[in-house]
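Peer 1: What follows is the residue order along each chain.
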Amino acid sequence: MNISKNIIVFHSFKQNVIVLFVIFQLGFSFGQSTSNCSEILLNANKLYEQGSLSEAIELALPCSQESAPVSDRWKAHRLLAMVYLASNNNDLAKKSAEEMLELNPTYQPSSLNDPIELIKLLKSILLIPKLSFGLALSMGTNSTFPSVTKEYIVADYNKTYTAKNSYLFGASVGYHFNEKFSLTGGLYSVNNKYNIDYQFNNWSVNVSNKLNYLNLPVMLEYALSSRILGQKIRPTSGTWIAQKKLKVTLQAGVFGGRLLYSSSDFSSTYLPDNTIRKLSNMNTISSRNLYQFGLITGIATSYEVGHGNLFLKMNFSKSLSNITKQSNRYNYTELSNDFYYLDDNVYLRSASISLGYSFYMNYQVIRK
Amino acid sequence: MKIKIKSSVFIVLMFLNSAVFSQIDAKDLLFRSNKLYNQGKIEEVIKLLEPVVHGKLLNREQTFDAYRILALSFMYSLNAEKTDYFMKEMLKLRVDYQKYPNIDPTEFTKLINKYVVRPQIYAGICFGGSSYLPQLMKSYSVYTSNQSYERTSGYQYGGFFEYRLKSNVSLGTDVLINGSAINHKINDANGWEQEYKEIRKSALVTVVGTNYRKLNDVVNVYCGVGLGMNVLTSSEGNIILASNQSDLVLQSTTNTISERNKISPVGLVRLGVDFQTNRGKIGFDLTYVDYFNTTVNSEKRYNNADFIFTNQYVSDDIKLRGMMFSLSYKVPIKWVVK
Chain G
1 MNISKNIIVF
11 HSFKQNVIVL
21 FVIFQLGFSF
31 GQSTSNCSEI
41 LLNANKLYEQ
51 GSLSEAIELA
61 LPCSQESAPV
71 SDRWKAHRLL
81 AMVYLASNNN
91 DLAKKSAEEM
101 LELNPTYQPS
111 SLNDPIELIK
121 LLKSILLIPK
131 LSFGLALSMG
141 TNSTFPSVTK
151 EYIVADYNKT
161 YTAKNSYLFG
171 ASVGYHFNEK
181 FSLTGGLYSV
191 NNKYNIDYQF
201 NNWSVNVSNK
211 LNYLNLPVML
221 EYALSSRILG
231 QKIRPTSGTW
241 IAQKKLKVTL
251 QAGVFGGRLL
261 YSSSDFSSTY
271 LPDNTIRKLS
281 NMNTISSRNL
291 YQFGLITGIA
301 TSYEVGHGNL
311 FLKMNFSKSL
321 SNITKQSNRY
331 NYTELSNDFY
341 YLDDNVYLRS
351 ASISLGYSFY
361 MNYQVIRK
Chain R
1001 MKIKIKSSVF
1011 IVLMFLNSAV
1021 FSQIDAKDLL
1031 FRSNKLYNQG
1041 KIEEVIKLLE
1051 PVVHGKLLNR
1061 EQTFDAYRIL
1071 ALSFMYSLNA
1081 EKTDYFMKEM
1091 LKLRVDYQKY
1101 PNIDPTEFTK
1111 LINKYVVRPQ
1121 IYAGICFGGS
1131 SYLPQLMKSY
1141 SVYTSNQSYE
1151 RTSGYQYGGF
1161 FEYRLKSNVS
1171 LGTDVLINGS
1181 AINHKINDAN
1191 GWEQEYKEIR
1201 KSALVTVVGT
1211 NYRKLNDVVN
1221 VYCGVGLGMN
1231 VLTSSEGNII
1241 LASNQSDLVL
1251 QSTTNTISER
1261 NKISPVGLVR
1271 LGVDFQTNRG
1281 KIGFDLTYVD
1291 YFNTTVNSEK
1301 RYNNADFIFT
1311 NQYVSDDIKL
1321 RGMMFSLSYK
1331 VPIKWVVK
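Protein chains in written order, with my numbering: chain G, 1 to 368; chain R, 1001 to 1338.
The shape of chain G in the complex, shown without the other chains:
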């Protein structure tokens, strides 16, 4: 108990020292060196607890300047937010709270150390991710719809193109300009598959095509407001969580792609006796244009989970590049002789549904 008594004596001694210290501080300019901010803020906090609000503000303000160490600036802004709240200066309190979250966006308020008004204020500030890093996967839901602009045939037949499902996966980086607009770029491995069927002179031919592109989409995203969706979702505990946990986003942009590999399976059946001739897994990269460019659009829905979000995206892309290298169309005599096949002018369109998770790497405070 002697120790307790000593501490009480020590505390009352300290209070006297603080008053003298404040008088000393007010007599001079506010150009305090940052090294003693820790002590100054401790004293300012005591003044705040005693109700000397304007003195506490004057003491704490210099420690909130850019030149002060981050830990001191953090303490100063937190204290200033509390003091301004206590003095009913809500605008300045909000400004200080915004500064707090600029410094430490992942701060979890303490019900013990933070006044309830400060917790409410922190929760009212909109915080959105600035940079995000996402991973997306689509298994069996990436469908390729070939669009034929000119057909090339070596006999009298009509080719039938059939869309096939395949996969895509990749990573993306997003930059959020504000609550509504963001820009995303990514790198995706996209597998496109489609079939071609045709019949002539008792022969039935099936060509199965696979093309794998490394695509780089760049899209502008627009987040629909909760009002449009007819819902209002309360923020969860903690301050860093965005105001709306569920978001729907519209996307539009362009993409470029590099063909990594292209292969085709040829199978022709002589119908009278079902004789089958096959050429499997033929590398067709030299008959393809290596690069493609196009337009991409989509809609995404995301749900905040932890420091990131789970998302479901539906994208539609339309390539503006012919996949066939026209100069090499007639080079493959083996194919035209054995399968009566020539490459058409084909533009790929794809529809995909992908699922993924996006990590928030940092945050920004939306000041209103």
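No lab work stands behind these hints, which were simulated from the structure alone. Virtual Cβ for every residue (Gly too), placed ideally from N, Cα, C. Hints are not guaranteed to be accurate.
[Said to hold, decoys possible] Selected chain R positions facing chain G (in silico; Cβ < 7 angstroms):
1) L1030
2) E1061
3) D1065
4) K1099
5) P1101
6) I1103
7) I1199
8) N1238
9) I1240
10) L1248
11) L1250
12) T1253
13) N1278
14) R1279
15) Y1329
[Said to hold, decoys possible] On the chain G side, residues computed to face chain R include the following (Cβ under 7 angstroms):
16) V70
17) K75
18) Y332
Given chain G, put chain R in place with the hints provided.
Peer 2: Frame of chain G; chain R shown alone:
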């Protein structure tokens, strides 16, 4: 039946009640402890909080607050051992406390700033492109005309773990899925231009030692050396024969995995830069990779006789070497407080 439903509802209500009351108890306990601490009744604070701090009464945030009050109380009661223990516990729960502290007594701030808090284990993901230029060790070509191996591009993606032995030294392991290619051109193969392309897919597992140098609070540069094992999972060869006299082009494709060395030891050297974000680090790195053995299994070089005789092409002994460029993102999953 009705009785059963009633008793179930009663049990659920009892459970909810007890959960709500335990939260009220926890809050009340912390407020009482804080009040006692402010009154200087340190012994009472310790008696009240220490027995319950490791129990299930307090949630994570409340536990942090309890550790802080106990650390402060033990510091003023001159119990260095317990002060050290509770300071470490509070730093484990809030690893950025030194950067974003409460307004603490100066002696407490000085003490807590003496601890080193740093990430011990990182987990990350990466993806990127690669560029390989094979090195010809021994030619088995049936032609003596000009021939060359072209530079090819590829890709890789995967994940990694990194264990920090010190704040600036780490030992990490990468598991990458690799796509690469070999492109061999023979200008004059008896009146034909011959081009052989091989598409390879593999899994690359590496162990890399890395040294970091801090440039400022945000940017680190690093260099590393490592060893790894490349496991070939698929390999497809395609040969295109273009006649020098006519437009005739012939081509054929074959699965070459049975003639390839499936496991290849590799050495690598890495240079990179990373940027600290609020959560984790973004890194850009460049890795030089050198395969220690040849791509072809010499005992099985001539196994695919049909392909060899039809196309007059025999695979040479080549070693792969190249650069991988990767973009990575990693987050600390375990911290150390010393």
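Peer 1: Tell me the hint numbers this structure goes against, listed in increasing order.
Peer 2: Violated hints: none at all, because every hint is consistent with the structure.
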